[in-house]
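Chains as they are written, first to last, in our numbering: chain A, 1 to 335; chain B, 1 to 288.
These are calculated hints, taken from the structure and not from any lab test.
Fair warning: this is a prediction, and the values are worked out from it, not measured in the lab.
Among the hints, a few may not be true.
Unchecked claim - Quick list of in silico lysine-lysine cross-link-like pairs, DSSO-like style, CA-CA up to 30 Å:
hint, chain 1, residue 1, chain 2, residue 2
1, B, K133, B, K118
2, B, K118, A, K284
3, B, K156, A, K297
4, B, K95, B, K67
5, B, K95, A, K285
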Amino acid sequence: MAKIMLDVKELSTKYITRFREDVYAVDRVSFQVEEGKSLGVAGESGCGKSTLALSLMGYYFPPLHYMSGSIKIDGREITSMSPDDVRRNILGAEIAYIPQAAMNALNPTQKIIRFIEDVIQAHDPSKTRADVRDMARKRFEALNLPADVLDKHAVELSGGMKQRTVIAISTILSPKVLIADEPSSALDVTSQKMVIKMIFDLMRDGFIRSMIFITHELPLLYNVTDDIAVMYAGQFVETGPAEQTVFDPIHPYSRGLMRSIIVPEAGARSQKLEAIPGTPPNLKKPPAGCRFAERCKFASPQCRASDVAFTAIGGGRGYRCLYPEERLREVYAHA
Amino acid sequence: MPDATRDGARDGTRGSELCLSGKGVTKVFGIGARRTVAVDHVDFDFRKGEVISIVGESGSGKTTLVKMLLGLTSVTEGDVFFMGGRRDISTRRLKTEYWRGIQAIFQDPFSSYNIFHKIDAVLLDCINMRGGKNLPKEKKTEMMSEACGFVNLEFKELTNKYPFELSGGQMQRLMIARIFLLQPKILLADEPTSMIDACSRATILDMLLNLREEIGMTIIFVTHDIGLAYYVSDTVYIMEKGRFVEFGGADDVILRPSAEYTRRLIQDVPKIHEPWDFTKRASKALAR
């Protein structure tokens, strides 16, 4: 049994808006990621994917607030730590986060090496500039990034190179978990491929030991991660190995997502695209019962009656639907 | 004028008449040492009723070409032909007339609206432009409701609101409602789905293709999403550094690419059924 790097149990977080309204953005999310593995999170915009990423770091600042649940990184509980403790000992060192617009975060007046210095010295003030340069050069070489980038400014780099540099900077302390939130969606396909290749290199060389990858692009997720979790309205509605989740989805929402995929492959033109009607619910007042019932074409009145529990069905798979798996498959066969 | 080597993807488009074409269309920015050729002598023939895609990466000159086609920026060299004749947009009046025939949807719905105009005004403008200025008020409301209904929006909920009160997806759909009212002959869609997620993308594409059936217009998609281009279009043009490196029927270009650049572009897109280069999944997919 491989070591579990990230163990999340029943994590719930909420936003408190300036009108003092609660928005329940992450609702009782549980999952585990083993060493050397990666979990992909899929879902529409506004389903709570990015909020989940923020919540996983254990460092909460308004309007985001922690409610309940546990996050263990390599066996160490981080939700009970003080914010300062988390910032000093967890962020960057144990868990690294790459937000969507990471490449725009580089201060244009500083050289790349200064950012690396910042990261390293924040955790270990005894490191000198020479140490930092040495570490940075070694890491850049291992990742096939040109070392002269270190003495350049952000504006001199292309979009793809900037993004790869940011990833290299944020993983310089070899964190146990990397959270990548749409790291490649602002890039064109060629740069995207290079970013993904670099993430694989990081994983292979043990510079990161597990990864959460967030995107709404399923073909990308399918190619990058071992497992996929489908998120809807703040909850995980289906989890499982990537292969099965994509080709054999159980939950009606996952099925809907898979049917909106477009890829340039033979046969893609004859396939009918299906869109899920409607929009995700407002999480200020999450609907009672199944949150997807409103948009589900297979929903019955019972779906809206009571909360739906998450059912594990073995093989690492699970889903959140009132109907048993066989019943759903039957319905799909006739749809 | 039609070139024998160019084939329309479907039999129906092969012989049909040209609606927009260009010969040696070029755009140069700057002079001297700073001279940049953004679009370099491109030729194209877009036929009536066709769905065309222009695919290229960032910096390939797609958007400059769109601006030239819309008459938003001048053409440095070359000719654009519209509906059989040379395009003349030298005066304000001619330009307005041209825009009755060609309309656009842009990438960012948030910056496509005048924030000081209510949604009613946006839609009324469209009706007026189509010569419906003197219609009775009820008739106008009916037309607006119909247009909103077409894109799954409720006119009653929109009236008296400002565009910024809507979500991104709703704004983009309202853009399509505008097109429904304007009924242009050609629609230029410049990355219409790159700012929305995969699921809403399917909705928007469906609506555009339905609208095309309804009013029989030509749609030109300009995109970097090669999967989208393959799915929607009859003819695909691949653009690299201001030139078309390849064009033809969608199946020909995407499944049997002849240009090196096209091949690389397709290779770089993550796929589901075929392997994607270096990933773990690649070996698995090959074994299957």
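Each hint tested on the structure:
no. : hint              : in the structure
1   : B:K133 <-> B:K118 : holds (18 Å)
2   : B:K118 <-> A:K284 : holds (27 Å)
3   : B:K156 <-> A:K297 : holds (26 Å)
4   : B:K95 <-> B:K67   : holds (13 Å)
5   : B:K95 <-> A:K285  : violated (50 Å)
Hint 5 alone, counting from the list given before, is not met by this structure.
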